[in-house]
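Those protein sequence lines, which keep their order, are chains W and S.
In this text, residue positions in the first sequence follow my numbering: the first is -15, and each later residue adds one.
In this text, residue positions in the second sequence follow my numbering: the first is -15, and each later residue adds one.
Some hints could be false.
[Said to hold, decoys possible] Simulated DEER-style distance windows between Cβ atoms:
hint, chain 1, residue 1, chain 2, residue 2, range
1, S, D343, W, A134, 24 to 34 Å
2, W, L279, S, R33, 24 to 34 Å
3, S, P315, W, G41, 24 to 34 Å
4, W, D137, S, E38, 52 to 62 Å
5, S, R66, W, A52, 29 to 39 Å
6, S, D343, W, Y(-14), 22 to 32 Å
[To be verified] Using 30 Å as the maximum straight-line C-alpha spacing, the simulated DSSO-like pairs for lysine-lysine come out as follows:
hint, chain 1, residue 1, chain 2, residue 2
7, S, K148, S, K172
8, S, K281, S, K148
9, S, K(-12), W, K148
10, W, K281, W, K367
11, W, K148, W, K172
12, S, K147, W, K(-12)
13, S, K42, W, K42
14, S, K(-12), W, K172
15, S, K143, W, K(-12)
16, S, K143, W, K180
17, W, K143, S, K(-12)
[Said to hold, decoys possible] Covered by chain W, per the in silico footprint, the following chain S stretches (three or more residues, Cβ under 8 Å):
hint, stretch
18, 79 to 85
19, 128 to 139
20, 270 to 277
21, 340 to 353
The set of hints was computed from the structure by calculation and includes no laboratory data.
Everything numeric in this text was worked out from a predicted model, so none of it was measured.
Note that CB positions come from ideal geometry on N, CA and C, so glycine has one too.
There are 2 protein chains.
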Amino acid sequence: MYDKMFSEDVGSFFRSPVREIFKRVDLNAIYSFAGGYPSADTFPLEEIRQTMSEVIGKYGGQAFQYGATQGVMQLREAVADRYGVPVERVQITSSSQQGIDVCTRVLVDPGDVILTSSPSYLGALQSFRSYRADIRGVAHLTGIDAFCRAYEDTIAGVKAEGKKIKFLYMIPDFQNPSGESLTLEERKILVALARKYGFLIVEDSPYRELRYEGEPVPTMYSIDPDVVIHLGSFSKIFAPGFRLGWAIAHPDILDKIYVCKQSLDLCPPVFDQYVAAEFLRSGRLDANLSASIELYKGKRDLLLSLLEQYMPSGVRWTHPEGGLFLFLTMPEGFDAVKFYDKALDAGVAYVAGEFFHPDGSGKNTMRMNFSFMSRQRIVEGVKLLADLLSREL
Amino acid sequence: MYDKMFSEDVGSFFRSPVREIFKRVDLNAIYSFAGGYPSADTFPLEEIRQTMSEVIGKYGGQAFQYGATQGVMQLREAVADRYGVPVERVQITSSSQQGIDVCTRVLVDPGDVILTSSPSYLGALQSFRSYRADIRGVAHLTGIDAFCRAYEDTIAGVKAEGKKIKFLYMIPDFQNPSGESLTLEERKILVALARKYGFLIVEDSPYRELRYEGEPVPTMYSIDPDVVIHLGSFSKIFAPGFRLGWAIAHPDILDKIYVCKQSLDLCPPVFDQYVAAEFLRSGRLDANLSASIELYKGKRDLLLSLLEQYMPSGVRWTHPEGGLFLFLTMPEGFDAVKFYDKALDAGVAYVAGEFFHPDGSGKNTMRMNFSFMSRQRIVEGVKLLADLLSREL
């Protein structure tokens, strides 16, 4: 009855793969390597309760009133201090997913090109599609010349078509889904390309602080603060239930995001912002983050050793230095979407890699999360999945 | 430097009147009749603290994890029970502003027509413009025949242009900005028109439960649940700092909203939803609401009597039976936008009525809020404003 009423604008967007993945899944009833959920063990309940009580005492009714569209000043200042940027460059978002959406909304007209790595984050691709962006995925080639050429070639192709590239979307740290990071050299090349060809970079970095080995690499934003919009999130370093993130960008860009955000939801959740600000200021966030990193490092190491032990030959995987995911590649011809039904029937879930590829390639890949389940369930889940794969390959 | 990078799509939308109104205003430093803020006196701090502690005890980590895109089931059920609708028709939104935005996003293509009353809510008009909707305002004429004819004529005009009406946006209860409500007969007429001409109605009703006199009128949703999307909000009956509202609609419509919401921000704030659900279930919300109604009724009565006492002749105003606003009409030729600078210099703020009129008419009108300020400040503010107006008129 409503079919003719919906916007054509969103088109194929309404066929949501994420929805298909999760609608049949009760995360606690199966072995789920599917979601990007942090472990609930990392949420410091008593410290949160204490902080909430302090916020009510300190701010009273102000903590429950409407707040500024840019975010509560205390939280903007805490983010600005933590990341060494001026406070006028900080906009608080109602989740970093909103950061992605709002950047696309203020920058992209239908048909405009967005460059991404391929694979890239599914939720970003979904948002880009909803604005009818023309998404061009670029494979991450090894070797700096090949890496650079892949982007140059794609950009040249877009220019030849007379189309406009609005931004490059990148997750440089422990990428979702691959778990891989960009080297400093690669970051510099991409920033230089943005300057050269006049597009922006949306640097989405929700996992950046979850590093288990190696040294931090400078953000793309720090390399050139005027062509990069940096998106961050409290979901992985504090708790996703607060739905809080931030965008760091040139004030002229934040100015447009402000107006857009006003029309989206007026302001981010106010009480939650005060809690996050107090949690940061008091040092509780850092203490808790250290514990989370220990926990996740152990789970990553466990998953890597289990894959080594149980996976059939012909299966390869990435070695993430941080974050929540690693990425499996099965032999050519394997179809992870088809296989998903079998896996789910057997009680184990993942996300098929195809959904992360803008061009629908990567059929023989899958993303595995290692943060959500307990160690015991990771062991059982890998054994189950490896057993199913052994029979399939 | 960024001018060519922004979306053309949002166009004039970026010149936000709301922003202009509020950017120079420190709400506590002036007499503000401008915002739509509830009184911070209505936020029951100790009961909220208690409820938060209970939620942490009862739900543990689940209250801080990602939640369902449709909203937390406990809150959906509480809303469904309260308003007598099936739970599968309830979507929790991250504020009712998001409800407006998401309805527009799933329904409207550029150039599609949205009907509204004129005047209508500024934040809705801003959202509609951001999707390049063609907004047609219809004046609220007195007398049922005139009322009906105004809508029929507008609809006929749109049809003659070959354009498609996607929905009628209405605030039937204590409208923002006018404070006026639709009669049952008027509601029935609009619902019948929607059926007849094949468009939907977005019924935005954030003030519905703030009634100070008279009997509740049935919602438009209750008259025809399949052509009406009903939007509600916790901002006026609990606290705006939680940024929570709801959409009640046919499941086929919610299905599209689900996918859109996933791409907007994944899910509403989770902890806040549990708190709202507990607050509702425990009866605390209703007890607190009764106190808020008492408080606001007193402020409305005060404002009405002050206007009577101090306003110069030639100024008229509405008599709202509930809500947060009343609407002033000055003599023809008065310009409330121009006058605003004078008022602000003198220390008193309002919102010029012109911003609520899709066609830019209503220059001699202004909206006054009576919920936010203390009684003492309402008295002082009205005296100041009336004095300024007396010298102007």
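Violated constraints from the hint list, given by number and in increasing order: Violated: hints 1, 3, 8, 16, 19, 20 and 21.
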